[in-house]
Amino acid sequence: MINWDLFERFGPRMLEGFAITLELALGSVALALLISVPAALGRVFGSKPVSGALFAYTYLFRGTPLLAQLFLLYYGSAQFQPALSSAGLWWLFRDPFFCSLLAFTLNTAAYQTEIFAGAIRGVPVGQIEAARAAAMPPMLAARRIILPLAAGLALRPFGNELIMMVKASALASVVTVYDLLATAKLAFQRTYDFQAYLAAALVYIATVETIRRLWNALDKRLNRHRAVCQ
Amino acid sequence: MTIGLALTTLPFGLAFALAAALAKDSNRAWLRGLGEAYTTIFRGLPELLTLLLIYYGAQILSRKLATATGLPIDLNLSPFWAGVAALSLVFGAYASEVLLAALHGVERGQIEAARSFGMSPRLAFRRVIAPQMLRMALPGLGNNWLSLLKDTSLVSVVALNDLLRMSWVAEQRTRRPFEFYAIACVLYLLMTALSTLAIARAEKVAGRGWKGPE
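Protein chains in written order, with the numbering used here: chain A, 21 to 250; chain B, 209 to 422.
Just so you know, the hints here were simulated from the structure itself, not pulled from any lab data.
Idealized CB from N, CA, C, for every residue including glycine.
Errors might be hidden in some of the hints.
A few chain A residues that don't get close to chain B, going by computed Cβ distances all over 10 angstroms [to be verified]: (1) Leu122; (2) Gly146; (3) Ala237.
Covered stretches of chain A (chain B as the covering partner; in silico rule of three or more C-beta atoms under 8 angstroms from a C-beta of chain B) [stated by the list, open to error]: (4) 87 to 94; (5) 128 to 142.
Derived contacts from chain B toward chain A, CB cut-off under 8 angstroms, selection only [said to hold, decoys possible]: (6) Ile249; (7) Pro254; (8) Gln340; (9) Val365; (10) Phe386; (11) Leu402.
With the hints as extra help, turn the sequences into a complete structure.
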């Protein structure tokens with residue numbers, strides 16, 4: 021039943037593709053943290069214009085398909101080739117992996133910002149007032165009180181976002197990044213053996229299930245002090 | 209085309225979702241297992257892969273069936289119907305969780321009251337359970353709808369003339385990729401914004417006669 025020949029020929033390449041998939045998903049989620057944490061603080065505590073501008077950013081990226089964003093960045097940047105070349109950045113935007121990583125990072129950062137902003141709003145006001153009353157400067161209060169409490173609340177949706185990105189990374193195959201899906205496609209086109217796609221499907225499901233279970237365990241452990249946690 | 213695809217998908221997706229939610233709430237273990245397996249698979253697969261699996265899978269299956277039976281079976285799905293099938297399966301998987309939560313949110317007493325009035329299970333579902341489920345499920349379903357709207361863009365990969373694909377064609381003609389993709393983004397944004405308004409309106413209608421949590 022199982023076509024071992026196929027996997028002998030394309031297995032290694034599909035494994036490499038899987039590594040790229042993980043790099044894209046984990047990389048973009050990690051890089052996005054650099055944007056989303058400050059952005060979430062700005063969204064909640066920032067002045068009206070700051071919070072409004074951040075909302076526009078998250079709305080824009082959450083309201084349009086990731087594939088459209090990716091095309092805009094990858095194909096759209098070609099239009100600015102002269103400008104980008106003179107800025108010495110063209111080699112970056114020519115690279116589909118970099119474009120995918122950038123598009124994914126900006127996209128997941130928008131979702132993460134709203135997740136963290138929601139979590140920060142969920143921190144009991146008394147905790148923040150207590151920090152202020154203890155004369156903590158705002159930055160210290162954010163670091164010691166607000167962010168740790170919000171992190172617990174955001175843990176679960178953050179895990180979902182990680183899963184979304186594992187799946188979304190498959191879009192990179194459309195702009196010629198050789199991720200898991202693209203390598204499966206390659207194997208399929210060479211052999212017309214449907215098992216290539218089925219194997220990729222199994223790997224994706226296994227990955228997502230692993231993350232989901234890991235996250236459930238993590239949530240149970242880190243949030244065990246919360247009386248009512250689901 | 210994008211809107212047509214999304215609207216065609218919606219009833220199928222809701223049907224899958226309701227079936228899966230009821231299966232997961234069933235007393236029978238095998239039905240529950242089936243429902244769980246369905247959601248695990250379609251929530252775990254990238255939407256793009258689901259689409260390719262269905263698109264090429266149907267072609268291969270029909271060829272195999274044709275050679276096996278000698279009959280001229282032609283199951284070749286058009287990109288549109290492959291899109292509808294894939295997107296409704298994905299939509300159903302996500303929305304079934306929303307509906308299941310809503311189903312559990314309906315008070316037991318209400319169901320018992322309906323049954324003790326002599327309502328058949330079917331009538332009780334239609335008159336008592338479903339309207340309350342709708343109120344609780346609408347915010348979640350609204351989110352699912354927005355994802356669906358955005359996921360339609362994936363169908364452009366298997367060459368259906370949806371919004372994104374048309375931008376691509378226009379870009380090839382004019383060599384101005386940035387403008388066309390930007391316009392596509394704006395149109396998607398418009399659709400999601402309008403949907404958000406419509407959902408808020410629908411939530412108000414579904415929530416009439418509800419006084420808030422007691």
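To see whether the hints hold, each was checked on the structure:
1. Remark: the non-interface label on Leu122 (chain A) is consistent with the geometry, its nearest Cβ contact in chain B lying 15 angstroms away (cut-off 10 angstroms).
2. In this structure Gly146 (chain A) is separated from chain B by more than 10 angstroms, as the shortest Cβ-Cβ distance comes to about 22 angstroms.
3. Distance check on Ala237 (chain A): its Cβ is at least 17 angstroms (rounded) from any Cβ of chain B, clearing the 10 angstroms threshold; non-interface status holds.
4. Under a criterion of three residues with beta carbons nearer than 8 angstroms to beta carbons of chain B, the stated coverage of the stretch 87 to 94 of chain A is upheld, 5 such residues being counted.
5. Coverage of the stretch 128 to 142 of chain A by chain B is violated. Counting CB-CB distances below 8 angstroms, 0 residues qualify, and the rule asks for three or more.
6. Among the interface hints, the one on Ile249 (chain B) holds; its C-beta lies about 6 angstroms from the nearest C-beta in chain A, closer than the 8 angstroms criterion.
7. Using the Cβ-Cβ criterion of 8 angstroms, the hint placing Pro254 (chain B) at the interface with chain A is satisfied: the shortest such distance is roughly 4 angstroms.
8. For Gln340 (chain B), the interface hint is violated, since its Cβ never comes within 8 angstroms of a Cβ in chain A; the closest pair sits about 21 angstroms apart.
9. Interface restraint check for Val365 (chain B): the shortest CB-CB distance to chain A comes to about 6 angstroms, inside 8 angstroms, so the restraint holds.
10. Hint on Phe386 (chain B) holds. Least Cβ distance to chain A is approximately 4 angstroms, under the 8 angstroms limit.
11. The interface hint given for Leu402 (chain B) is violated, since its Cβ lies 11 angstroms from the closest Cβ of chain A, which is over the 8 angstroms cut-off.
Hint check: violations occur at hints 5, 8, 11; the rest are consistent with the structure.
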